[in-house]
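2 protein chains.
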Amino acid sequence: MQSRLSHFSAGTKGLWAIREVRSIKGETLPFAEKIHVGETEVLDANGWTLSGIRSNTRYTTSEEKAQLEMRQEDLGRSESGRAVMILIKKNAEWWLLSQDERRAIFEEKSKHTSIGLRFLPAIARRLFHCRDLGIPQPFDFITWFEFKAEDEAMFDDLLSQLRSSVEWEFIEREVDVRLEKA
Amino acid sequence: MQSRLSHFSAGTKGLWAIREVRSIKGETLPFAEKIHVGETEVLDANGWTLSGIRSNTRYTTSEEKAQLEMRQEDLGRSESGRAVMILIKKNAEWWLLSQDERRAIFEEKSKHTSIGLRFLPAIARRLFHCRDLGIPQPFDFITWFEFKAEDEAMFDDLLSQLRSSVEWEFIEREVDVRLEKA
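Those protein sequence lines, which keep their order, are chains A and B. For what it's worth, my numbering labels the leading residue of the first sequence as 1, then goes sequentially. For what it's worth, my numbering labels the leading residue of the second sequence as 1, then goes sequentially.
Isolated chain A (complex conformation) (with noise of 0.2 Å):
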């Protein structure tokens, strides 16, 4: 079985180059050369490794699974020449609300999944949590995007719709990392 953990190294080396690292909310992160994703952490001195684990949902309804799993395409399409790489922390008050709290927040009042589907299958999305790992992470996900330099444009509609959202207002620190392949 494939491992769920991986670790996202920034660095000298990887499969992607690291355009510009954007500062949305809170500290930011240095900027580094390259990207490496995998099941190894690749150390870097002058660099800085995140770390997350795939997991089951967390608030999506088999409907809404049914749409995503019917329209989403899987990371690793060769003409996906952009990726994103968006690092979320959520604050205490988000953690402490109840899970249909929570739920009515992340769907009924911002739309989180019907908004992602409207993008689908151009921009290919994938989860990491990393609240939970047992190391401390500084973030609590990393989502990983993919899709072609010309959809750059619809990618960032798709964030400012979410950005816009009730559930953002829970969001303490977030960095938004650019790349393109090397």
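Derived from the structure by calculation, the hints contain no laboratory data. Any given hint could be a false lead.
Computed list of lysine to aspartate or glutamate pairs in EDC-like fashion (alpha-carbon distance at most 16 Å, straight line) [to be verified]:
no., chain 1, residue 1, chain 2, residue 2
1, A, K181, A, E20
2, B, K65, A, D100
3, B, K25, B, E172
4, B, K65, A, E101
5, A, K65, B, E101
6, A, K181, A, E79
7, B, K25, B, E169
8, A, K13, A, E33
9, B, K109, B, E152
10, B, K65, A, E93
11, B, K65, B, E79
12, A, K181, A, E167
13, A, K181, A, E33
14, B, K25, B, D176
15, A, K65, B, E93
16, B, K111, B, E101
17, A, K65, B, D100
18, B, K13, B, E33
Starting from the known structure of chain A, fit chain B onto it as the hints suggest.
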């Protein structure tokens, strides 16, 4: 801030003496003299260590959360002479279900929270998540229960209600470790 990660180390040290290791389903765990619970792992050549992390609730509604918080007591009560560690691994089918399907099995069909509520405050309980720790764990959950010695029959009643539920059909491995204050 107190670490959310705990290690349960079985060997010759610890505040809790193992009375019995009961294999309920699948492979059991070796017997040991004691269990040490804490933020650091206590290595023992003949023992074993399991790790788990406290996290946000996954199925509890705000109404259920309010009822639990009103009635439950914390671990560490001086009169709690007994503890039980229930180790659970759910099957792949469970983890592929959507959130609404898992919630329906957990509560609407299996009454997991409603059953637990009836045994409060006598049976104190804390859940630790293991599935998304970066270091792979043999179980998905560790639930630690504490109660008075005379309440053990009551605890067995709680367990037997849960074990006859639909939720338990998704459990592929379960070990029940009976403890008393050393």
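Okay, the hints, checked on the actual structure:
In summary, the hint linking K181/A to E20/A is supported, as the alpha carbons are separated by about 13 Å, within the 16 Å threshold. Restraint check for K65/B and D100/A: satisfied, since their Cα atoms lie roughly 10 Å apart, inside the 16 Å limit. At roughly 7 Å between alpha-carbon atoms, K25/B and E172/B fall within 16 Å of each other, so this suggested pair holds. In summary, the hint linking K65/B to E101/A is supported, as the alpha carbons are separated by about 11 Å, within the 16 Å threshold.
Taken as a hint, the K65/A and E101/B pair is honoured in the structure, with Cα atoms around 11 Å apart against an allowance of 16 Å. About 10 Å separates the Cα atoms of K181/A and E79/A, which keeps this hinted pair within 16 Å; it holds. For the suggested pair K25/B and E169/B, the alpha carbons sit about 11 Å apart, so the restraint of at most 16 Å is met. With a C-alpha separation of about 8 Å, the suggested pair K13/A and E33/A falls inside the 16 Å cut-off, and the hint holds.
This hinted pair does not check out: K109/B and E152/B have alpha carbons roughly 26 Å apart, beyond 16 Å. Between K65/B and E93/A, the direct Cα distance comes to roughly 15 Å. Compliance with the 16 Å bound is thereby established for this hinted pair. For the proposed pair K65/B and E79/B, the alpha carbon gap of about 25 Å is over 16 Å, so the pair is violated. Between K181/A and E167/A the CA atoms are separated by roughly 31 Å; this puts the pair beyond 16 Å, and the hint is violated.
With a C-alpha separation of about 12 Å, the suggested pairing of K181/A with E33/A holds against the 16 Å cut-off. A threshold of 16 Å between alpha carbons decides the hint, and for K25/B with D176/B the separation of about 10 Å falls inside it, so the pair holds. At most 16 Å may separate the alpha-carbon atoms for a hinted pair to count; K65/A and E93/B meet this at roughly 15 Å. With a C-alpha separation of about 14 Å, the suggested pair K111/B and E101/B falls inside the 16 Å cut-off, and the hint holds.
The suggested pairing of K65/A with D100/B holds, with an alpha-carbon distance near 10 Å, which does not exceed 16 Å. A hinted pair counts as satisfied when its Cα atoms are at most 16 Å apart, and K13/B with E33/B qualifies at roughly 8 Å.
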